[in-house]
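If you read the protein sequences in the order shown, they are chains L and S.
Position one of the first sequence corresponds to residue 2 (our numbering), numbered consecutively onward.
Position one of the second sequence corresponds to residue 256 (our numbering), numbered consecutively onward.
Check the hints yourself; a few may be wrong.
Calculated lysine-lysine pairs in the DSSO-like style (CA-CA distance at most 30 Å, straight line) [unchecked claim]:
no.: 1; chain 1: L; residue 1: Lys137; chain 2: S; residue 2: Lys302
no.: 2; chain 1: S; residue 1: Lys364; chain 2: S; residue 2: Lys287
no.: 3; chain 1: L; residue 1: Lys137; chain 2: S; residue 2: Lys276
no.: 4; chain 1: S; residue 1: Lys287; chain 2: S; residue 2: Lys276
no.: 5; chain 1: S; residue 1: Lys433; chain 2: S; residue 2: Lys412
no.: 6; chain 1: S; residue 1: Lys433; chain 2: L; residue 2: Lys97
no.: 7; chain 1: S; residue 1: Lys364; chain 2: L; residue 2: Lys137
no.: 8; chain 1: S; residue 1: Lys359; chain 2: L; residue 2: Lys137
no.: 9; chain 1: S; residue 1: Lys461; chain 2: S; residue 2: Lys412
no.: 10; chain 1: L; residue 1: Lys137; chain 2: S; residue 2: Lys287
no.: 11; chain 1: S; residue 1: Lys461; chain 2: S; residue 2: Lys433
no.: 12; chain 1: S; residue 1: Lys276; chain 2: S; residue 2: Lys302
no.: 13; chain 1: S; residue 1: Lys433; chain 2: L; residue 2: Lys22
no.: 14; chain 1: S; residue 1: Lys461; chain 2: S; residue 2: Lys287
no.: 15; chain 1: S; residue 1: Lys359; chain 2: S; residue 2: Lys461
no.: 16; chain 1: S; residue 1: Lys302; chain 2: L; residue 2: Lys22
no.: 17; chain 1: S; residue 1: Lys276; chain 2: S; residue 2: Lys359
no.: 18; chain 1: S; residue 1: Lys433; chain 2: S; residue 2: Lys364
no.: 19; chain 1: L; residue 1: Lys22; chain 2: S; residue 2: Lys429
The set of hints was computed from the structure by calculation and includes no laboratory data.
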Amino acid sequence: MMSEWRTVTTPLTDGLIETLKAGDRLLLTGTVFAARDRAHERLCAMAARDETLPIDPAGQIIYYMGPSPAPPGRVIGAAGPTTSSRMDPFSEAVLKMGVRGMIGKGKRDHATRELLAWYRAVYFATFGGAGAYLAKRISDATCVTFEDLGAEAIYLLRVERFPLVVINDINGGDLYEDALQNRR
Amino acid sequence: MKTRILPAHLITNAVSDLIYKTSFSLPYAVGKRIEEMADNEDTELAKTALRVLVENNSLAAEEGIPLCQDCGIVIVFLEIGQQVVIDGSIAEAVNGGVEEAYRKYHLRKSVVADPLKRNNTGTNAPAIIHVEPAAGDRVSVTVYLKGGGSENMSSLKMFRPTDRDSDIIDYIEKTVVKAGSNPCPPLFLGVGIGGTADTAMLNAKKAVLRGPGTRHPDPEYADLEARIEERLNGTGVGPLGFGGRSTVGGVFIREAPTHIAMLPVALNLNCHSLRYGRVEL
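Let the sequences and hints guide you as you build the complete structure.
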């Protein structure tokens, strides 16, 4: 990949988050949690009941992803992003838990965009539909909780130079909106 | 009339093989179209996104990782020659092929048995099966894998018969722009026009299976396809919604006779990974 791609590591620091602008490209190395619809539903219901959470999301990044089963000899199967808007209803709850970044694909709702600015968190997209390509940038995957949900369980992933594009920064920037403004 | 007996297990094998092939490798015309679009982009991000998809296609085949973690719900079209008698249950044969492929090739099982209770069947069966009679003594089996992200962006509008082409193009543009990055553009867009609401949607599904690089045989519809394509590629949505020229890789219309009061238009937004295959038995 080209030089415009900045190499960063987890956790995302305040200093880094403040510099990120919609359209920036990053190669992320470190750990992220993978969680999608049902894991969000369950985690947020537990938080609403003030129960102790099975993971500590404070300072972490959530990747909206449910992998295909790991073929023999691999840590994970195909591992591309799912549509983020389905997780919009849970944005406030996870941001309150201290989540600093979300990875998925597609637009977020108005409330989520405002919450991202308020909680100083960033929404990233990665390459939708590039399941095999992205699997090659995941070096470890451990199911950490909600194992009964199968592909919808929460996994802790170790990612290596995992490509991210900033969609929503903390100053209200939105790459998807910019793309439509630049129509030919 | 001479009849031919076809053992149902041949359908099981065909379905399983087709699922395997299309889960790990794009049809040639689809891969080629993505490469052409990459060459036609001039911003770094649009070009990179399309090149990643090209690389994804080769990696999937070489490394045995599915193209996409959403291995789809299986749609099967069977065209059965009227001289053929199938020995066994068609539904069991098809679903047996689905179960075998998703287990054997480590594909994600995404099908729930009930839309509200949402319990995963654990096998990715049942498939959506469409059976149609045909002439002759052959059976054509088409497998089409559809992911949730793009299927969720489907749309139907019942137009007035007096509405114009331009109204239809406006509606399509609005739908595709609103869908944005969700269905993983560049899209292969199936457009079903005419019939009833249900046939329009079914035709929108069948239309994309004509495949990239083809045009409707009727010049009027071919021209409409080209105009829709031009409009969509000017929206700015671009590859994966990141901005650029390639919002669609092709537009495919399939029309049907309709009622004097009706003009249904159905849209099937397929992601860049148009996964399908066909075999004749």
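How the hints compare with the structure:
1. Distance hint between L:Lys137 and S:Lys302 is fulfilled; the C-alpha atoms sit about 20 Å from each other, no more than 30 Å.
2. In summary, the hint linking S:Lys364 to S:Lys287 is supported, as the alpha carbons are separated by about 29 Å, within the 30 Å threshold.
3. Proposed proximity of L:Lys137 and S:Lys276 is supported: the alpha carbons are some 21 Å apart, at most 30 Å.
4. The suggested pairing of S:Lys287 with S:Lys276 holds, with an alpha-carbon distance near 17 Å, which does not exceed 30 Å.
5. Between S:Lys433 and S:Lys412 the alpha-carbon distance is near 15 Å, which keeps this suggested pair within the 30 Å criterion.
6. For the suggested pair S:Lys433 and L:Lys97, the alpha carbons sit about 29 Å apart, so the restraint of at most 30 Å is met.
7. With a CA separation close to 21 Å, the supplied pair S:Lys364 and L:Lys137 stays within the 30 Å bound.
8. Between the alpha carbons of S:Lys359 and L:Lys137 the distance comes to roughly 21 Å, so the proposed pair stays at or under 30 Å and holds.
9. Distance check on the hinted pair: S:Lys461 and S:Lys412 sit about 18 Å apart at the alpha-carbon level, within 30 Å; holds.
10. Between the alpha carbons of L:Lys137 and S:Lys287 the distance comes to roughly 23 Å, so the proposed pair stays at or under 30 Å and holds.
11. A threshold of 30 Å between alpha carbons decides the hint, and for S:Lys461 with S:Lys433 the separation of about 23 Å falls inside it, so the pair holds.
12. Annotation: proposed proximity of S:Lys276 to S:Lys302 holds, straight-line Cα distance about 27 Å (limit 30 Å).
13. With a CA separation close to 23 Å, the supplied pair S:Lys433 and L:Lys22 stays within the 30 Å bound.
14. Restraint check for S:Lys461 and S:Lys287: satisfied, since their Cα atoms lie roughly 21 Å apart, inside the 30 Å limit.
15. For a cut-off of 30 Å, the pair hint linking S:Lys359 to S:Lys461 stands: about 28 Å separates their Cα positions.
16. At most 30 Å may separate the alpha-carbon atoms for a hinted pair to count; S:Lys302 and L:Lys22 meet this at roughly 20 Å.
17. At roughly 13 Å between alpha-carbon atoms, S:Lys276 and S:Lys359 fall within 30 Å of each other, so this suggested pair holds.
18. With a C-alpha separation of about 29 Å, the suggested pair S:Lys433 and S:Lys364 falls inside the 30 Å cut-off, and the hint holds.
19. Our distance criterion of 30 Å between C-alpha atoms is met by L:Lys22 and S:Lys429, whose separation comes to about 27 Å.
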